[in-house]
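There are 4 protein chains.
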Amino acid sequence: MTNELQYKDCIEACHEAADASNICYVSSLKEYDIAMLRDCIVLTRECAEICSFTADAMSRMSPFASDICSICVQICEACAKECEKHAHQHCKDCAEACRRCAEICSNMCCVA
Amino acid sequence: MTNELQYKDCIEACHEAADASNICYVSSLKEYDIAMLRDCIVLTRECAEICSFTADAMSRMSPFASDICSICVQICEACAKECEKHAHQHCKDCAEACRRCAEICSNMCCVA
Amino acid sequence: MTNELQYKDCIEACHEAADASNICYVSSLKEYDIAMLRDCIVLTRECAEICSFTADAMSRMSPFASDICSICVQICEACAKECEKHAHQHCKDCAEACRRCAEICSNMCCVA
Amino acid sequence: MTNELQYKDCIEACHEAADASNICYVSSLKEYDIAMLRDCIVLTRECAEICSFTADAMSRMSPFASDICSICVQICEACAKECEKHAHQHCKDCAEACRRCAEICSNMCCVA
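Protein chains in written order, with the working numbering: chain A, 1 to 112; chain B, 1 to 112; chain C, 1 to 112; chain D, 1 to 112.
If you are wondering where the hints come from, they were derived from the structure by calculation, not from laboratory data. You may find that some hints are simply not true.
If several chains are the same, the list does not tell them apart, and a pair holds so long as it fits within one copy or across any two.
Computed list of lysine-lysine pairs in DSBU-like fashion (alpha-carbon distance at most 30 Å, straight line) [said to hold, decoys possible]:
(1) Lys92 to Lys81
(2) Lys92 to Lys30
(3) Lys81 to Lys30
(4) Lys8 to Lys30
Since the model is a prediction, treat every value here as computed from it, not as a measurement.
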């Protein structure tokens, strides 16, 4: 019961982090200071890929959902940390969504 | 402006259809009449894969989002048509989410 | 240098395990004894999803490739163990490809 | 029989194009002239995503494999066209793998 609700929240947080990462990724590639945003571009793509895969894994009730969530926590924290270095609004938004996703996913790792 | 809102609705509809397809998939595999649900199992997995990929494509603003949406319409309709043959609640729920996703995605194909 | 070659072998092993899992999945869904193959169907899909994601992660040189490989080892072993219970040729072929992938991926976890 | 062999070749060509695209993507992000490579970065990621999804679709014998191959042809041609504008070796290698994949996939669209 609890788990099913937690899954739903966690899937949603992963989708939101993936979307924010993709928006930040697309926007960074258009910025004048693109050369300063290399790590941001690498990590936002990586974060979008892993968050989306994590949401899919929970959606199909994968027996490995908990392990996958724990990787998701790591990439979300790495991506947020990088995005927090930059002043662009898309970086701030991405950092916020990733911090939130990391927090919700880290609960998942323990209960699942 | 309009497009961005439509994207958001369409991404959400794809996620909902993917989730409903996965729930129907997992539940069908546990049913007593599994032998009657072969096509349902094939199509719900296929639908989950394509809906998730379609949502990802829109999320990263793929230049091929419109073409991908048009494949999503086809699988959602095929999946709904199959699920409507069965009396299980998870089949009914899946058919409903897929019909809705097909409708919203078909608007995407035209405007994008 | 060594790592790049190891990556290439590991990516290939993941693709082969994913393909064998999908063949086993599709074939199982057509078998007369489908009701005996429920776990096989669940695990071959799961294995195909995770192997493909693992290959993609190595292909884009993900900083999380090693962690993802370690999940790949687990699902490949679980899938092989289940497939070894069944007499179908597609199950035997799948088990073999998964055992091989698990072995190669487990080297990856240590070196990466 | 013929189709199965063609599938195998086409899956392999998709994997090679995805790998070449990812190598070009990762390398472009490290180049001094990154600002000249914005479109190359966008298209190589897109190409990697779509080639990988196309290979997966063929691997699970998706009824939509032919439609998905036709999108794969388009992105491979777009990516090759962009990469051919640049002198970097990774761009040349990527263009070559994408041209080959487009050719093989376009046969798939007709036979499937």
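Kindly indicate which numbered hints from before are broken by the structure, ordering the numbers from low to high.
none
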